[in-house]
Amino acid sequence: MSSDEQEQDETDRAPIPSAHQQPVTVTTGKHVSRRRFLGAAASGVGLAAVGSVSGVLISRSARSAAAPARTATGSAATGSSATHQWAMVIDLRNCNGCKLCTTACERYHYLHQDQTWIHVFTMQSASGEQYFMPRPCMMCEDPPCVPVCPVSANFRTDEGLVLVTQQRCVGTRICMNACPYQARYFNWSAPVPAPRQPFPQEPAWPVPQVEGTVGKCVFCAAMLPSGRIPECASYCPMGVIYMGDLESDVAVNGIGNSVTLSKFLTENTAVRFKTTFGTHPRVWYITGHGQTLDTDKEVA
Amino acid sequence: MSSHVESLGSAQRAWDPRILEPVEELTDAEEPPPAIEMIRSAAMRPVLFRPKWFWPAVGVLSALLALGFAAWVVQLRTGLGSAGYSDQAFWAIYEANLVTFIGVSYGGAVVSAILRITKTTWRAPLTRIAEATALVTLPIGMLFIIPHLGSSWKLWELIWPPYWNLSSPILWDFFAVSTYLLATCVFFYLPLVADLAIGAERLAQAASSPGRRLLYRAYRLLAGRYDGSLSQRRLLAGAIGLVAIMVIPMAVSVHSVLSFAFASSSRPGYLETIFPVYFVVAALYSGVALVVVVVAAARRLFHLEAFIERRHLVRLGFIMVALGAAYLYLTFTEYLVDSYSNTTGNAAWVYQTILGRYWMPFWFYFVAGGVVPILVFMFRRTRTATGVVTAATLVLAAMWVKRLVIVIPPATEPLVRSPFGPTGALGLGWGTYHFTWVSISITVAMAAAIPLLLLIVFRLVPILPVAEMEELAAAAERATTPTATAAAGPVARLHAGNGAPVGATDHAEVPWGDGDA
Ligand code: SF4
Ligand code: SF4
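Residue numbers (the working numbering), protein chains in the order written: chain A, 1 to 300; chain B, 1 to 517.
Check the hints yourself; a few may be wrong.
Distance condition first, Cα-Cα at most 20 Å in a straight line; then the derived SDA-like pairs of lysine to any residue [claimed, not checked]:
| # | chain 1 | residue 1 | chain 2 | residue 2 |
| --- | --- | --- | --- | --- |
| 1 | A | K274 | B | T344 |
| 2 | A | K99 | B | V416 |
| 3 | A | K274 | B | L452 |
| 4 | B | K52 | B | R381 |
| 5 | A | K99 | A | S234 |
| 6 | B | K119 | B | I245 |
| 7 | B | K154 | A | P203 |
| 8 | B | K52 | B | L460 |
| 9 | B | K154 | B | V74 |
| 10 | B | K154 | A | S234 |
| 11 | B | K154 | A | R168 |
| 12 | A | K274 | B | N346 |
| 13 | A | K274 | B | N342 |
| 14 | A | K274 | B | V314 |
| 15 | B | K119 | B | L235 |
| 16 | B | K154 | B | T78 |
| 17 | A | K274 | A | Q167 |
| 18 | B | K154 | A | N94 |
| 19 | A | K99 | A | E129 |
| 20 | B | K154 | A | P208 |
| 21 | B | K154 | A | D142 |
| 22 | B | K52 | B | L452 |
| 23 | B | K119 | B | V416 |
| 24 | B | K119 | B | A239 |
| 25 | A | K274 | B | V416 |
Note that these hints are calculated values from the structure, not bench results.
With these hints in hand, go ahead and build the complete structure from the sequences.
Next up, the structure:
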């Protein structure tokens with residue numbers, strides 16, 4: 001939050017989520033999302049009568065219509081009646097690489113040790129300094145993992161969560177191919193046995209995991225409605241991980257800090273990871289080590 | 001019986017392995033076509049007489065198949081991890097096998113469909129073998145979907161519509177391959193109709209056993225009411241021509257769509273616009289190589305030397321090498337262009353493939369599948385049947401390895417890495433695919449299934465397309481009558497072509513010998 005950090009170029013600015021006056025997630029008018037491109041293409045290609053392709057494009061744009069659109073008129077115009085739009089902020093300045101987030105997540109979801117749904121990467125900054133970067137699922141607004149699934153096992157909720165129906169997943173792993181963040185983990189062997197759960201296994205509560213299917217970070221979707229923050233956030237001793245809601249514009253971490261989400265992101269020039277892929281992640285990073293996180297192309 | 005033995009004797013005399021003429025001198029259009037009787041008995045011989053080695057061969061191949069089945073059961077019980085997969089090698093051997101095995105079925109499409117459409121008459125004795133190879137390899141390739149899926153017991157979700165997501169390339173694969181399988185079956189069956197009618201006669205003459213009687217009934221059933229009348233032959237020829245034309249775009253679509261499953265991602269090494277062409281050419285290349293090997297083996301094992309000569313192999317070899325050169329060119333293009341894009345992902349992928357951790361398989365492909373076949377064909381001394389078969393065997397191995405090189409490096413590449421780390425070394429490292437006995441056994445079993453099923457097919461149906469060869473022989477005879485041979489020019493050819501009862505025999509002056517002479 002130091003002033004020199006705020007003096008960055010406008011183009012490097014974080015998108016400012018503010019539920020009521022500002023867009024939920026800012027995009028310029030000229031921004032061509034994958035969704036819009038496919039939607040536009042669908043109308044054109046339909047004429048060309050390329051049967052399967054147009055079918056695909058139409059189904060893709062229809063699916064996208066259900067998701068909250070990034071409009072310039074705020075959440076009221078998203079067409080979504082959802083009361084929450086979940087987001088996460090990860091403050092890289094404070095992460096010490098203890099990986100307590102990873103172990104908490106694995107314990108909670110009964111995962112194998114290598115199923116690091118939130119993986120803490122050891123990275124190097126421009127100045128040669130080492131830093132740590134936890135990576136959950138980015139809950140992409142335009143998730144490349146969803147359209148490639150042959151049996152529609154991946155879907156995006158109207159609260160902005162990308163989830164997997166493991167009972168349906170056939171295990172083609174084409175979504176692992178599609179995800180640019182390597183956020184998906186397969187159950188290559190029998191899952192860790194879990195005691196009987198109070199809820200049935202479902203996309204928001206994928207416990208126990210299902211052998212031969214894909215699993216990934218779900219933002220602890222089952223806890224969110226009751227106002228609890230995800231396990232990684234509660235267990236992080238450094239308060240690195242904030243769980244936020246773009247609708248109510250609040251974010252909370254595990255050590256009791258609560259911030260105004262839009263202000264927090266703007267003041268700290270938060271960035272998103274690999275924006276060149278057009279995925280529009282719902283996870284923001286606050287850097288402090290000169291990282292670019294591949295955000296150079298982002299126009300906010 | 002005795003005439004049969006005689007014809008066999010002359011068949012063996014017709015080919016002398018000590019003669020090593022260069023290909024140009026191998027044209028022997030003036031040689032009289034083998035008698036119709038000889039064609040019929042040679043075609044039905046594998047059906048009527050069981051070779052001594054048949055059961056031992058079936059036994060060995062079935063044992064391999066059983067081993068693969070056992071491995072598959074182990075994989076079902078312990079999970080896909082037992083096949084060597086991990087999150088950082090999520091696609092590897094089964095995906096490469098899927099592409100390879102479906103790819104080798106393309107030989108049938110080339111030899112049978114393309115050469116049929118282009119009215120290349122020398123293909124005639126090879127067509128049944130090529131079509132059978134396609135018929136057998138395609139379902140085997142499709143079967144790789146089962147070990148590939150993490151939850152293969154949910155396969156029905158791909159077959160049955162309720163959950164279909166039409167935007168998924170995997171589903172397109174499924175549609176394309178199923179359609180192609182149907183077309184391949186039809187394409188195998190249509191030219192078979194006339195032969196089954198002919199074969200039924202033979203079976204009726206032969207000594208009767210319960211098995212033969214059953215086969216006879218099957219022949220009669222499948223031959224329908226075919227009696228060889230002109231109208232029937234016309235209709236059949238028209239249908240075959242139509243299917244031959246349809247099979248080609250279908251074959252192209254299958255491998256294009258198969259490549260989309262890889263290319264429709266942002267992964268360096270998969271996101272390649274060259275992929276559809278690259279996959280189709282690779283499939284044609286390896287497919288012709290397999291036809292060369294199968295034809296050479298069938299010629300030896302079933303004593304077809306009188307019909308399938310060395311020049312057939314050499315000519316197939318020329319097609320193979322042309323496709324191989326095209327594939328080499330595409331490979332060069334792909335890596336060259338990508339090596340210019342100096343983004344971390346692409347640069348690392350190209351480096352690791354060519355010089356880094358995957359250099360050995362890559363250069364194996366380059367030498368065995370790229371350079372050696374061309375060298376073999378460059379010199380007259382090596383451009384022999386043995387040379388061609390050796391080259392084709394190498395190509396088959398090299399193209400399997402090449403598919404591994406296409407599939408594995410991008411799947412093991414780390415995507416999250418430090419933008420400033422030394423050559424992106426920090427972050428996640430490269431993943432590794434470990435071959436395990438499970439995945440190798442399943443692969444070997446599926447490979448063993450090809451000769452096994454081919455042996456069974458050749459013991460059930462005439463190995464030579466009798467009707468087609470007879471027609472060409474008849475046309476050739478007409479063409480060699482004094483009036484027709486008076487002029488070898490185009491008019492005479494046209495005349496001979498018109499004289500032939502059914503189309504597809506325009507180059508009628510030679511039978512399955514030398515259409516392009
Ligand atoms: S628990 Fe917190 S400090 Fe530890 S690795 Fe995870 S995010 Fe970093
Ligand atoms: S980060 Fe990966 S798994 Fe998560 S929504 Fe985006 S593409 Fe899908």
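Cross-check of the supplied hints:
Pair hint A:K274 plus B:T344 holds up; C-alpha atoms about 13 Å apart against a cutoff of 20 Å. Pair hint A:K99 plus B:V416 holds up; C-alpha atoms about 17 Å apart against a cutoff of 20 Å. This hinted pair does not check out: A:K274 and B:L452 have alpha carbons roughly 50 Å apart, beyond 20 Å. With a C-alpha separation of about 34 Å, the suggested pair B:K52 and B:R381 falls outside the 20 Å cut-off, and the hint is violated.
About 13 Å separates the Cα atoms of A:K99 and A:S234, which keeps this hinted pair within 20 Å; it holds. Distance restraint check for B:K119 and B:I245: the Cα-Cα separation of roughly 12 Å lies within the 20 Å cut-off, and the hinted pair is therefore satisfied. Of the supplied pair hints, the one linking B:K154 and A:P203 holds, its CA atoms being roughly 18 Å apart against a limit of 20 Å. Restraint check: the Cα-Cα separation between B:K52 and B:L460 comes to about 16 Å, which is no more than 20 Å; the hinted pair holds.
Between B:K154 and B:V74 the alpha-carbon distance is near 18 Å, which keeps this suggested pair within the 20 Å criterion. A distance of roughly 37 Å separates the Cα atoms of B:K154 and A:S234; the hinted pair therefore is violated under the 20 Å criterion. For a cut-off of 20 Å, the pair hint linking B:K154 to A:R168 stands: about 8 Å separates their Cα positions. Simply put, A:K274 and B:N346 have alpha-carbon atoms about 15 Å apart, close enough for the 20 Å limit, and the pair holds.
Distance hint between A:K274 and B:N342 is fulfilled; the C-alpha atoms sit about 17 Å from each other, no more than 20 Å. For the proposed pair A:K274 and B:V314, the alpha carbon gap of about 53 Å is over 20 Å, so the pair is violated. Simply put, B:K119 and B:L235 have alpha-carbon atoms about 18 Å apart, close enough for the 20 Å limit, and the pair holds. Distance restraint check for B:K154 and B:T78: the Cα-Cα separation of roughly 17 Å lies within the 20 Å cut-off, and the hinted pair is therefore satisfied.
Between A:K274 and A:Q167, the direct Cα distance comes to roughly 31 Å. Violation of the 20 Å bound is thereby established for this hinted pair. Our distance criterion of 20 Å between C-alpha atoms is broken by B:K154 and A:N94, whose separation comes to about 45 Å. A distance of roughly 19 Å separates the Cα atoms of A:K99 and A:E129; the hinted pair therefore holds under the 20 Å criterion. With a CA separation close to 19 Å, the supplied pair B:K154 and A:P208 stays within the 20 Å bound.
At most 20 Å may separate the alpha-carbon atoms for a hinted pair to count; B:K154 and A:D142 exceed this at roughly 27 Å. For a cut-off of 20 Å, the pair hint linking B:K52 to B:L452 stands: about 15 Å separates their Cα positions. Among the hinted pairs, B:K119 with B:V416 is inconsistent with the structure: their alpha-carbon atoms are about 54 Å apart, more than 20 Å. Among the hinted pairs, B:K119 with B:A239 is consistent with the structure: their alpha-carbon atoms are about 15 Å apart, no more than 20 Å.
As the CA atoms of A:K274 and B:V416 are separated by approximately 9 Å, the hinted pair is consistent with the 20 Å bound.
Checked against the numbered hints listed earlier, the structure breaks hints 3, 4, 10, 14, 17, 18, 21, 23; every other hint is satisfied.
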